[in-house]
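Engineer: For the protein sequence lines, the chains are A and B, in the order given. The first sequence begins at 1 in this note's numbering and counts up by one. The second sequence begins at 1 in this note's numbering and counts up by one.
Just so you know, the hints here were simulated from the structure itself, not pulled from any lab data. Since no wrong hints were added, every one of them can be taken at face value.
Not the full set, but computed from the structure, chain B residues with beta-carbon under 7 Å of chain A:
id, residue
1, F135
2, L173
3, I177
Output of the computed footprint for chain B on chain A, the stretches with three or more beta carbons under 8 Å from beta carbons of chain B:
id, segment
4, 366-379
5, 464-473
Treat the numbers as computed from the prediction; the structure is a model and nothing was measured. For each residue, glycine too, the CB sits at the ideal point set by N, CA and C.
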Amino acid sequence: MNLSLISLEIWVVALGLVLMLADFWMPAERRRFLGYAAAAALAVLLVMNLGHCATGTAFNGMFVQDGLAVFFKRFFIVAAILVLFIAVEFSDRITSGISEYYSLIVFALSGMLFAASANNFAMLFVSIELITVTFYVLVSFQRGRLVSLEAGVKYLILGALSSAFMVYGIALVWGTTGKLNFNDLALVASQFAGNKIFLLGMVLVLVGLGFKIAAFPFQIWAPDVYQGAPTPTTAFLAVGSKAAGFVLLLRVLFTAIPGVSAHWANPLIIISGITILYGNLCALPQRNLKRLLGYSSIAHAGYLLLGVAALSASGQAAILYYLSGYLFTVLGAFTVICLVMRHLDSEDISTLAGLHQRSPLLATTLTLAMVSLAGIPPLAGFFGKFLLLKAVLEQGATNPGYYCLAFTALAGVVISLYYYFGVIRAIYWSQDAPADWSPILLSGPAKVTIAICIAGMFWIGLFPNTVLNLATEAVKTLGI
Amino acid sequence: MSILTYILGWPLVAALVLVFVPGNYRVIIRAVALLATFISMLLAVKMFCQFVAGQAGYQFEQQIPWVESLGISYHVGVDGLNVGLILMGTVVAFAAACCSFEIQSREKEFYILLLVMTGGILGAFASLDLFFFYFLHELALVPTFIMIGVWGRGERKNYATFQITLYLSVGALIALIGLIALYLQSGANTFDIPKLTEYIQAHPLAAQSQNFIFPLLLFGFGILVSLWPFHTWAPLGYGSAPSPTAMLHAGVLKKFGLYGLIRIALPLMPQAAQHWMQILAWLCLGNILYVGWVAMRQRNLNLLIGNSSVAHMGFIFLGIASLNLIGVTGAVVIMIAHGFLAALTFGLSGYIYRQTGTLEMGELGGLARKLPFIGTALLMAALAGCGLPGFANFVGEVTVFFGAWKVFPLVTGLALWGALMIGALYMLRAMRNVLHGPLPEKWSGISDASNVWRKLPYALLLASLLVFGCFPRLLTEKITPDAGKILFVMKMSGKPLIFPCAYEKQLDLNSSRNSQSATQNR
Numbered sequence: 001m002n003l004s005l006i007s008l009e010i011w012v013v014a015l016g017l018v019l020m021l022a023d024f025w026m027p028a029e030r031r032r033f034l035g036y037a038a039a040a041a042l043a044v045l046l047v048m049n050l051g052h053c054a055t056g057t058a059f060n061g062m063f064v065q066d067g068l069a070v071f072f073k074r075f076f077i078v079a080a081i082l083v084l085f086i087a088v089e090f091s092d093r094i095t096s097g098i099s100e101y102y103s104l105i106v107f108a109l110s111g112m113l114f115a116a117s118a119n120n121f122a123m124l125f126v127s128i129e130l131i132t133v134t135f136y137v138l139v140s141f142q143r144g145r146l147v148s149l150e151a152g153v154k155y156l157i158l159g160a161l162s163s164a165f166m167v168y169g170i171a172l173v174w175g176t177t178g179k180l181n182f183n184d185l186a187l188v189a190s191q192f193a194g195n196k197i198f199l200l201g202m203v204l205v206l207v208g209l210g211f212k213i214a215a216f217p218f219q220i221w222a223p224d225v226y227q228g229a230p231t232p233t234t235a236f237l238a239v240g241s242k243a244a245g246f247v248l249l250l251r252v253l254f255t256a257i258p259g260v261s262a263h264w265a266n267p268l269i270i271i272s273g274i275t276i277l278y279g280n281l282c283a284l285p286q287r288n289l290k291r292l293l294g295y296s297s298i299a300h301a302g303y304l305l306l307g308v309a310a311l312s313a314s315g316q317a318a319i320l321y322y323l324s325g326y327l328f329t330v331l332g333a334f335t336v337i338c339l340v341m342r343h344l345d346s347e348d349i350s351t352l353a354g355l356h357q358r359s360p361l362l363a364t365t366l367t368l369a370m371v372s373l374a375g376i377p378p379l380a381g382f383f384g385k386f387l388l389l390k391a392v393l394e395q396g397a398t399n400p401g402y403y404c405l406a407f408t409a410l411a412g413v414v415i416s417l418y419y420y421f422g423v424i425r426a427i428y429w430s431q432d433a434p435a436d437w438s439p440i441l442l443s444g445p446a447k448v449t450i451a452i453c454i455a456g457m458f459w460i461g462l463f464p465n466t467v468l469n470l471a472t473e474a475v476k477t478l479g480i
Numbered sequence: 001m002s003i004l005t006y007i008l009g010w011p012l013v014a015a016l017v018l019v020f021v022p023g024n025y026r027v028i029i030r031a032v033a034l035l036a037t038f039i040s041m042l043l044a045v046k047m048f049c050q051f052v053a054g055q056a057g058y059q060f061e062q063q064i065p066w067v068e069s070l071g072i073s074y075h076v077g078v079d080g081l082n083v084g085l086i087l088m089g090t091v092v093a094f095a096a097a098c099c100s101f102e103i104q105s106r107e108k109e110f111y112i113l114l115l116v117m118t119g120g121i122l123g124a125f126a127s128l129d130l131f132f133f134y135f136l137h138e139l140a141l142v143p144t145f146i147m148i149g150v151w152g153r154g155e156r157k158n159y160a161t162f163q164i165t166l167y168l169s170v171g172a173l174i175a176l177i178g179l180i181a182l183y184l185q186s187g188a189n190t191f192d193i194p195k196l197t198e199y200i201q202a203h204p205l206a207a208q209s210q211n212f213i214f215p216l217l218l219f220g221f222g223i224l225v226s227l228w229p230f231h232t233w234a235p236l237g238y239g240s241a242p243s244p245t246a247m248l249h250a251g252v253l254k255k256f257g258l259y260g261l262i263r264i265a266l267p268l269m270p271q272a273a274q275h276w277m278q279i280l281a282w283l284c285l286g287n288i289l290y291v292g293w294v295a296m297r298q299r300n301l302n303l304l305i306g307n308s309s310v311a312h313m314g315f316i317f318l319g320i321a322s323l324n325l326i327g328v329t330g331a332v333v334i335m336i337a338h339g340f341l342a343a344l345t346f347g348l349s350g351y352i353y354r355q356t357g358t359l360e361m362g363e364l365g366g367l368a369r370k371l372p373f374i375g376t377a378l379l380m381a382a383l384a385g386c387g388l389p390g391f392a393n394f395v396g397e398v399t400v401f402f403g404a405w406k407v408f409p410l411v412t413g414l415a416l417w418g419a420l421m422i423g424a425l426y427m428l429r430a431m432r433n434v435l436h437g438p439l440p441e442k443w444s445g446i447s448d449a450s451n452v453w454r455k456l457p458y459a460l461l462l463a464s465l466l467v468f469g470c471f472p473r474l475l476t477e478k479i480t481p482d483a484g485k486i487l488f489v490m491k492m493s494g495k496p497l498i499f500p501c502a503y504e505k506q507l508d509l510n511s512s513r514n515s516q517s518a519t520q521n522r
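The task is simple: from the sequences and hints, build the whole structure.
Structural biologist: Right under this line is the structure:
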């Protein structure tokens with residue numbers, strides 16, 4: 001057993017506890033600054049983690065620290081730091097318990113860190129539950145707002161249902177194969193490729209993961225929850241929770257059952273295609289900005305599934321690359337939403353009118369985020385989509401379905417231009433007169449957050465080499 | 001650092017600089033934009049003069065690896081095919097920056113977008129890397145949409161914005177699939193165009209994959225160039241666009257698809273090209289005859305110019321479809337000539353619109369009296385559009401017809417009819433309506449281009465048309481050797497073509513003989 005491998009997780013859990021305890025001694029008016037302290041602590045952990053990354057397994061192979069895990073752990077910590085910054089900006093809308101809010105974000109982060117290292121079905125389930133249960137609370141944290149409570153209840157019911165499916169699936173897999181560890185399972189999985197009970201179990205596990213990443217047909221919760229949840233929660237849900245779903249999906253499909261998943265090209269193609277079309281088509285009529293991003297996040301889950309459906313190393317590397325760009329893009333968008341809609345109850349797109357005069361910086365950031373989500377150079381989204389499409393077309397020779405999938409993805413991109421440009425249009429040339437013309441004042445840390453997001457979008461888009469090499473190295477451990 | 005990097009870099013650097021200039025420093029913003037486009041124009045002229053015609057390989061090359069694992073690198077260089085296009089692009093960009101005085105609101109954002117667009121277009125033409133070729137085109141395309149949406153004019157602005165966005169994005173994305181498929185099928189693991197061409201010459205693509213990829217590129221690029229029947233975005237889009245945007249898009253950016261066909265689709269997929277060119281020849285008749293006929297029915301000057309610009313694309317397609325040296329050379333000459341011409345007409349119509357607030361030909365009339373300079377320039381542009389000798393368009397069109405006559409006599413005959421009859425009919429009629437006749441009372445207050453700055457862009461573009469019209473050798477001697485190389489690849493795959501050794505004599509003979517006969521006909 002090797003405790004040093006999980007030192008990062010231990011530190012993060014400890015940080016969460018410290019944040020809760022600090023609540024006792026901190027005067028109420030200064031508690032909101034705990035968020036900066038937490039972000040700084042995470043930044044220190046990130047820098048420490050950059051130096052040494054010992055690889056190996058712990059707890060009898062349940063916990064694995066490999067290239068993929070390290071990549072995602074850095075990803076999650078960066079996401080959590082930015083989300084904490086957004087949360088501080090949001091803190092005036094949370095009536096009580098702001099330090100609990102911070103510590104719940106940190107606990108959710110610890111769940112994601114464990115998810116990145118999960119190499120066993122028990123570990124997978126525990127880490128997913130740690131993420132999901134903290135998110136039940138985070139989603140309904142604005143207890144005074146009905147929509148927030150409604151979103152929390154919806155997330156709770158559907159999340160509990162999917163967890164139940166997943167446990168049932170794990171039980172079936174264990175019952176048929178007797179294995180919980182992914183590496184052990186990989187050795188015997190192909191013997192069970194024809195076993196209906198085993199396959200049912202695997203499908204149920206994938207149902208649970210499909211819920212996390214909001215893939216069709218398990219996407220129903222996403223728009224409501226995105227709309228109702230407090231903005232920092234939505235941001236963390238969109239980035240962290242989705243990425244955690246993807247790392248687990250990659251591990252299950254390509255470490256645990258590579259021999260079986262190799263035959264699943266067609267179902268994956270269909271799910272990916274429908275998810276893309278559903279997300280993009282439903283986003284078209286949306287007027288609420290957070291709801292629109294909810295549907296767009298479904299569409300992006302579909303794009304990411306392109307990389308899964310390709311069943312190749314380049315597809316997996318493309319997923320990692322795309323997620324990195326998505327991180328900065330989505331968090332940039334949510335930072336702007338959090339700042340602009342500070343004094344408004346509604347999150348209607350029309351409230352963006354006049355933003356270019358009220359705050360050119362915020363207008364530019366949101367425009368860049370939309371342009372990057374739409375996949376337009378030179379921002380991160382373009383090269384990500386390029387890599388995903390390339391991975392899919394690479395497989396075209398083996399299965400003509402991949403060509404159909406590539407064209408479906410393109411149709412999705414074209415549809416998405418309509419609503420992303422709709423947001424840009426509302427910012428710059430909307431007909432409605434804005435309710436107030438007062439300039440939006442930004443705090444220093446908010447400017448830093450925005451600067452990081454913009455720099456990230458440009459850096460990943462213009463200099464893809466670093467991240468792409470990291471991603472390519474990381475997925476080597478998956479073994480395809 | 002290659003001179004090309006500076007040519008495309010200056011506008012992009014200027015765009016970055018403008019981000020940090022406060023929005024109310026209007027003079028500085030304008031000066032930065034003008035200076036950047038002017039420097040890049042001077043550099044392009046210098047490059048054009050230093051270019052050695054007929055030299056093997058690419059000149060002014062520069063290569064910086066970008067993503068090694070995929071074989072993507074920043075690689076720029078010119079040969080005879082793109083050296084003229086880059087020169088044309090910089091001249092049009094400078095003219096567009098001069099014409100941008102019509103923009104009165106949010107100038108800072110407008111100039112940033114204009115400069116990004118300029119840098120993107122020039123980069124796309126200079127790029128010898130398949131990825132950057134596409135990447136920089138897309139970088140130039142998106143500002144177009146935003147500019148039409150924000151600074152566009154007319155009631156149907158929003159509709160036009162969304163139409164042009166969706167059409168062009170579909171076209172670009174179809175081409176993207178084609179390019180990625182080409183990269184994957186070649187197996188060369190490089191996006192570098194010279195390397196890819198070399199590799200594919202040694203290991204040709206299977207006929208099946210050629211037949212799959214070529215239509216993707218043909219129709220993807222075709223949508224971008226407004227190939228009939230995918231042209232409907234163009235007239236409305238240009239009609240709604242602010243004139244600098246229309247100048248840059250119709251003049252320069254639209255040539256990207258044509259350039260892509262010649263540079264990438266023909267040499268890399270010769271067999272499929274020969275098959276599809278038969279179809280393309282008939283489609284281009286749609287551009288020349290059908291769109292020409294539509295142009296005759298227009299009552300709005302900008303829609304008429306937009307339609308006529310679509311019709312001109314038909315000649316270029318016809319030249320490419322002929323797949324012989326004379327035709328392809330002519331196609332490249334028209335690409336350059338039409339760039340100047342489209343920029344000139346859209347710039348002039350923008351001037352008239354700013355003075356009168358309308359471009360409905362029924363309301364205009366007699367403007368030549370109040371606007372002697374603008375009116376004369378417009379008339380010259382219209383005559384150039386009809387193919388009057390002395391303007392560069394004439395050289396290109398004649399060359400294309402000579403090339404195409406050998407391959408598609410029937411199509412060429414019909415196209416000639418369209419070019420001479422329909423083109424002259426709608427252009428001259430429009431000129432009569434706009435410039436001559438009685439001057440309506442309400443236009444008595446309008447004023448001509450008064451100072452040098454106002455006249456400069458139009459004079460520059462007219463001068464370019466005349467220079468290349470009177471000395472076409474400046475272009476053809478550069479284009480033919482490299483067009484010959486591309487056609488040599490096509491010849492290797494089994495179709496008889498004219499040998500490169502005989503081209504020059506034939507070309508000179510044809511153009512001089514024809515210019516005499518055409519002058520007599522008129």
